[in-house]
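Protein chains in written order, with our numbering: chain G, 15 to 433; chain H, 5 to 362.
Quick caveat, the hints were computed from the structure, so don't treat them as lab data. Mixed in with the good hints, there may be bad ones.
Straight-line Cα separation of at most 20 Å, SDA-like style, residue types lysine to any residue; simulated pairs [stated by the list, open to error]: (1) H:K332 / H:D343; (2) G:K261 / H:P320; (3) G:K175 / H:K332; (4) G:K319 / H:E302; (5) G:K175 / H:P272; (6) G:K175 / H:R273; (7) G:K230 / H:E302; (8) G:K319 / H:K332; (9) G:K319 / H:D309; (10) G:K319 / H:P272; (11) G:K319 / H:R273; (12) G:K193 / G:Y409; (13) H:K314 / G:A342; (14) G:K230 / G:G181; (15) G:K261 / G:L310; (16) H:K314 / G:V277; (17) H:K270 / G:G76; (18) G:K230 / H:G313; (19) G:K261 / H:N317; (20) H:K314 / G:L233; (21) H:K332 / G:G227; (22) G:K305 / G:D287; (23) G:K305 / G:A342; (24) H:K332 / G:S399; (25) G:K230 / H:D343; (26) H:K270 / G:Q77; (27) H:K314 / G:K193.
To spell it out: a stretch of chain G is covered by chain H in this simulated footprint if at least three of its residues, at any positions, have a beta carbon under 8 Å from a beta carbon of chain H; those stretches are [stated by the list, open to error]: (28) 200-207; (29) 356-365.
Heads up, the beta-carbon is just placed ideally off N, CA and C, and yes, glycines get one too.
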Amino acid sequence: MKKTLTLAFGLVISLLALSQAALAIPAFARKYGYNCNMCHVAFPKLNDWGQRFRDNGYQTPGQAGLERTVFEAGIPLAFRTNAGYSVYHGEEGTTSGFHLYNLDLLAAGVLHKNISFLFVYTPRVDEPAADFTGPGDGDNPAQLAAIESANIVFSNIVRDKLNLRVGRFEPGFQLLSSKRNYYILQPFESYGFVGSRNGFDFSANHIGVEATGRFKPGLKYALGFINGSGANPDNNRFGDLYFALSKTFGRGEGQSAGQRFGVFGYFGWQPADPGAPIVSPLGDAAGQSNKNFYRLGGDVSLNWKTLNLQAMAFRGVDDAAFNDIDPAEDYEFWGGVVQLDWAAMANNRLVGSVMYNWVRPPSAGSMGKIDAYSALARYYLGSWSAVNVALHAEYTHRLVGSVLPFKEDLFTLLLDFDF
Amino acid sequence: MRYKSYLLILCACLLVAGSIAMSASPDQETPPITQVNVQVLGPQRLGPLPPVIAPPGNPQSSAKIHLGKELYFDTRLSADGTISCATCHNPALGWSDAGPTSAGIRGQLGGRRSPPVSNAAYAPLQFWDGRSPSLEDQAKGPIQNPIEMGNTHQAMIQTIDAISGYIEEFREVFGEGPITVDQVADAIAAFERTVVTTDSKFDRYARGDHQALTPLERRGLEVFNGKGHCTSCHWGPYFSDGRFHNLGVPAKDPKNPDRGRYDVTKDPRDMGAFKTPTVRDAARRPPYLHDGSEKTLESLIDFYDRGGGKDPNLDPLMVPLGLTKNEKSALVAFIKALDSLNPEVADVKPIAPGDYHK
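Chain H with its partners taken away, still in its complex shape (with noise of 0.2 Å):
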């Protein structure tokens, strides 16, 4: 009889508590399979980066790429014309800024660090807080920001339709009609999307080319995808899961901390969450963290050694790492083995004023 008793509780366990598994997501639903990306599949082995895919709204030509350029690099885009996208999102500094955070017109500070635009064809979601899901999208975003570039997409496109060569090249990229915010972004995203680092010492060493690492660096790639743990969130070709997370960076403010990811879901698992950014070029971009906060990609590997900071709501990927003096100084030779060798990409150079549309 109790044998019957054990058995009949064994299988009611069985049975809640699959159908509790089952139903405790219920948004885990098949998604169509155009929606399935690599994202969505998990992580992924590190190599070289694949081509970079259009969306099929805005596909790539040189005309639109080169007016995309112009306009990267225009600063009449922001209210007083003293902002372009580029002086945040500045080549010559891995297509970020000095930082710690990012001036903007009339030398407002913002809260964040500028996120490079090289690779961010790459990532599913833009900006920290990835509350654009396109690199279109996003690139409306700053124009209208108070603190960025000020401006009104009004304003903005008003100031753009009175420049002769601006219609000529718009009316060539999109045909006739008047010119759209629309547009303006559909342009830079080309450009953007051509602003890709395939080219690296790593991306050598994983196509064959053994020498193309030095033993430090090795080491530092071995530790990467090991015991330092990077790759739990550094993985792929874009060295980025593209997803957010609470790392207990110290809030500047701590009466008014800045709450990441969870501004755009409401998700309290997503408070003080924010994307991981690529670590390709890294070590062109100092300091480190959505703040700014680490100086040197040596006190950001201290900062993960640690576990990272202190947060209630801490990634439980956040372990402290037991790193040695030699695996930190191999980490950062492997880091500095991901910047990139693409002239293409790292020479380009802003359009000189004299050389824009009138």
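Next comes chain G alone, as it looks inside the complex (with noise of 0.2 Å):
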């Protein structure tokens, strides 16, 4: 009984583990006086107005240099956290409880015409406890505490065709944002996937420098160099390059309106030898074996009056290097993800959606093809100037594994609210 609660616990911790704290900005809503509905469909996901506002380094669209800096407008200080219950169900038993789930401090604006930062920081919360020694224990995210985003933007260093954005952040070659989703424990499965030994993490955060820009009518691209290695310094001599390229048709950016479509790829290096020979006083290693792998794939974002549609798919190959199942052979997978939201009420006060993710790795590594079926549900509290409080209600049913899957259910209830 014990091992069964130890390992219910343990799948729902993982859970969290995968969950993203996701972005929401009211710092921004009190610089502006706006509703958070102005850059949001509803929080945290962006509609078109919020992702030309992110585009444009934080700045109105088009109205660069025209509105208050950091020291004119005062502390951009915000927080976001969110806290509930949840029930999980496996195949040995059930277990439920309340947890804090996430906590974001963030902070972000303009310092200067064309210059801007963003900045979050996600403490420890209790989740597990301190004194936790269970699974995973020691290895797990959710634990620690990190700098989830610290980077500045030089935004119109050519008007509209080329921004940069340095430091920390969340890269361009995800198209579909797991930072801006409804969804608080289920992540995109195929973003946090990890099936070799290559531990590249596809929906880290990542350090180094992005060129974004647009060119009408509706194309966009985003171009990357960064360590590929999440939060930490670079482990091997290579640094990572990615791209996005993405076309909306319509009016709009996709998000809310305009029919998206797009492609992007990853291109990087991990060492294949966990030895390494070479480490500077910074922690960069020059790894050792080092070997390629990539990432390739497209996403659709369509849309009709409150509905959108979003789809995502990619295929991952890790050199045979990484490969334990079958060294002879590169590590192959395929994942994604389908997701309808619709939003509903005035002002979007009422938002559904439905989701899967799937992974399918190599048939001879079955073991780990991922089916997960989600839903929710949030209805948001306010007023005219801020709706910044949902209740949220949120049910996954996933299958792990093609032979006699592994089943699990996890359904919470929660409250999302940020300030």
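Combine the two chains into a complex, taking the hints into account.
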């Protein structure tokens, strides 16, 4: 019994670890006097206006230099957290309990015309308890404090066509943002999937430099050069490269209007041998037996009235040196997500969503096959100046493995709020 | 070695980006503190209007306001004695006119809608294209516009100078000396600074009377400040950013489109851009947009809901809104809740011809 509970608890914690701290920045709402839904379909999901605001370096689209900087607008601080009750059901039993799931401390604003910043700190929350020594303890990122984002943006170096983001940031190859999704506990499975010994995490924020821009009509790009090892110093002597290219047909950015189609690719290197003969005083390692891997995929975001259908799929290929299952072959897998969101009621006070995630590792490694079916509803409380408290219900049915898959269900009721 | 190269490239990128970004804004030198106003500082929260501040060179006085009111309603300022300021900026029509564009002397039609005089005191720039920096400067324009009042400043002064009542009043307000066009403009501007709507259902709600707005109007306020994106331009107590935007309004004459703000700045980014009008009292003065092309509030909201019109210089603030029928109804209700309840403004009556100075 104890073993079952421990396993179940461990799985819940694993889901929490996979879940992404999401962004919504009330500091901006305070600065401008806008309701959250100026930038968000409903927080944290950006609408087209909010996407343009973000793309323009957190400046009003088309009006760089015509607004207050952080020195004039006051301290640009914001908080987001969520707490609630979860019920987990696995094949061997059921557990339940209250949790504090996330806490984000955010600061963002304009420093000077076309120079802005974003800072997100996620302190350790008591999840699990400090003395927890169960499965995965010590390896679980949910236990750890982290600077999720710390970057500065140089906007409009060439008007609309070239912006640079430097620091730690959410990379632009994630055309569907896991940080600004409605789902709190259910991540994009394929983003966080690590099937081989290649420890690269597609969902992580990364350190480096990224160029972005847009060309009329509706064509956007992102090019990045990063460590490729999440928050950590580079673990090999190569930087990683990525690109994203998207085209939106019709008006909008594909977030809440327009029809967007995109492709993205990531090309990186990881050491296949954990030994590190050369380590700099800053922690950068030369790595050993560095081998390459890539991710290549596409996404689509279609809008009709207040419905938004998003889909993303990509192929991951890791060098055979990372493949413990069949060392003679590259490790290849497919993964993706389809998500349908519906915004209802005046000012999108109610949103509903269904989502399907899948990961298809190679047949030899089909134990890692994942299918996850999720649904949620969020109802927002607030006033004309802010709708910043969400009553959130989320359910996921998850299947892992292909033969007699392990089944699990997670239902959560929580309050998600920021201010 | 390769690592070193990457590091150098990254440092170079940072330096280049920083220097380009800084050097890209030579026009952004810190302005003198007196030039910093609410419009420069950017979006402000919706709320009641603050008191009007008169410029130091044209302080308010009862006599000057009275004189300005007389001039405002006096058709003798026009070349043929048929057009006054109030002809196109009629208190009974929301301090605008029936439109879609305004008819001036000899029935000549202008290309643009008559902007409202009410609350114009809060606008940092006057006219749809912002070519005038003050009410005083604005007041001089229509008098000598050939399709508005069709007069000359000199002829207008000669007319006023021949009316003994005006001579006495100008002497009382401005002291001894000849009547000047600047004095006429100062007096009209002083009157216009009293045409301020400080009281509406929204203002009462914003001051704490939570029953002042109906539930539908409150929903409309929320949409106005959120999903409707109205406050991205219509922000602050004045419900306008005082800036210029291209909404993609179809040109009535595609071969000779109205270039708007571009004609003032010659900046290509201003092509087809027009000043954001205040939403206060908007329900009282259809039709809408700079050319009066949208006849009702409902059709205006449909226009915005589509993301505006088509134009290569369309403002990036314009995005399709995805508003539902209920949200549109709520928006209309809220905009009507911005109608002035100020009797001293709404009930301003023209001065009867018999009461004018002869």
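The hints, checked one at a time:
Under the criterion of a C-alpha separation no larger than 20 Å, the hint pairing H:K332 with H:D343 is consistent with the structure, at around 18 Å. Distance check on the hinted pair: G:K261 and H:P320 sit about 16 Å apart at the alpha-carbon level, within 20 Å; holds. For the given pair, G:K175 sits about 35 Å from H:K332 by alpha-carbon distance, which is inconsistent with the 20 Å threshold. Note on G:K319 and H:E302: the hinted pairing holds, with a Cα-Cα distance of about 18 Å set against a maximum of 20 Å.
At roughly 17 Å between alpha-carbon atoms, G:K175 and H:P272 fall within 20 Å of each other, so this suggested pair holds. The straight-line distance between the Cα atoms of G:K175 and H:R273 is roughly 15 Å, inside the 20 Å bound, and the hint therefore holds. Distance check on the hinted pair: G:K230 and H:E302 sit about 31 Å apart at the alpha-carbon level, beyond 20 Å; violated. For the suggested pair G:K319 and H:K332, the alpha carbons sit about 14 Å apart, so the restraint of at most 20 Å is met.
As the CA atoms of G:K319 and H:D309 are separated by approximately 11 Å, the hinted pair is consistent with the 20 Å bound. With a C-alpha separation of about 34 Å, the suggested pairing of G:K319 with H:P272 is violated against the 20 Å cut-off. Of the supplied pair hints, the one linking G:K319 and H:R273 is violated, its CA atoms being roughly 31 Å apart against a limit of 20 Å. Distance check on the hinted pair: G:K193 and G:Y409 sit about 19 Å apart at the alpha-carbon level, within 20 Å; holds.
Distance check on the hinted pair: H:K314 and G:A342 sit about 57 Å apart at the alpha-carbon level, beyond 20 Å; violated. A hinted pair counts as satisfied when its Cα atoms are at most 20 Å apart, and G:K230 with G:G181 does not qualify at roughly 28 Å. Restraint check for G:K261 and G:L310: the C-alpha separation of about 17 Å stays at or below 20 Å, so the hint holds. In summary, the hint linking H:K314 to G:V277 is not supported, as the alpha carbons are separated by about 28 Å, beyond the 20 Å threshold.
For the given pair, H:K270 sits about 17 Å from G:G76 by alpha-carbon distance, which is consistent with the 20 Å threshold. The straight-line distance between the Cα atoms of G:K230 and H:G313 is roughly 16 Å, inside the 20 Å bound, and the hint therefore holds. For a cut-off of 20 Å, the pair hint linking G:K261 to H:N317 stands: about 19 Å separates their Cα positions. About 18 Å separates the Cα atoms of H:K314 and G:L233, which keeps this hinted pair within 20 Å; it holds.
For a cut-off of 20 Å, the pair hint linking H:K332 to G:G227 is broken: about 34 Å separates their Cα positions. For the suggested pair G:K305 and G:D287, the alpha carbons sit about 9 Å apart, so the restraint of at most 20 Å is met. For the hint pairing G:K305 with G:A342, the CA-to-CA distance comes to about 14 Å; that is within 20 Å, so the pair holds. Distance hint between H:K332 and G:S399 is fulfilled; the C-alpha atoms sit about 19 Å from each other, no more than 20 Å.
A threshold of 20 Å between alpha carbons decides the hint, and for G:K230 with H:D343 the separation of about 40 Å lies outside it, so the pair is violated. For the hint linking H:K270 to G:Q77, the alpha-carbon distance of about 17 Å falls within 20 Å, and the restraint holds. Between H:K314 and G:K193 the CA atoms are separated by roughly 33 Å; this puts the pair beyond 20 Å, and the hint is violated. Counting residues of the region 200-207 of chain G whose beta carbon lies closer than 8 Å to any beta carbon of chain H gives 0, which falls below the threshold of three, so the coverage claim is violated.
Counting residues of the region 356-365 of chain G whose CB lies closer than 8 Å to any CB of chain H gives 4, so the stated coverage by that chain holds, three being the minimum.
Figure legend: structure checked against the earlier numbered hints; hints not met, in rising order: 3, 7, 10, 11, 13, 14, 16, 21, 25, 27, 28.
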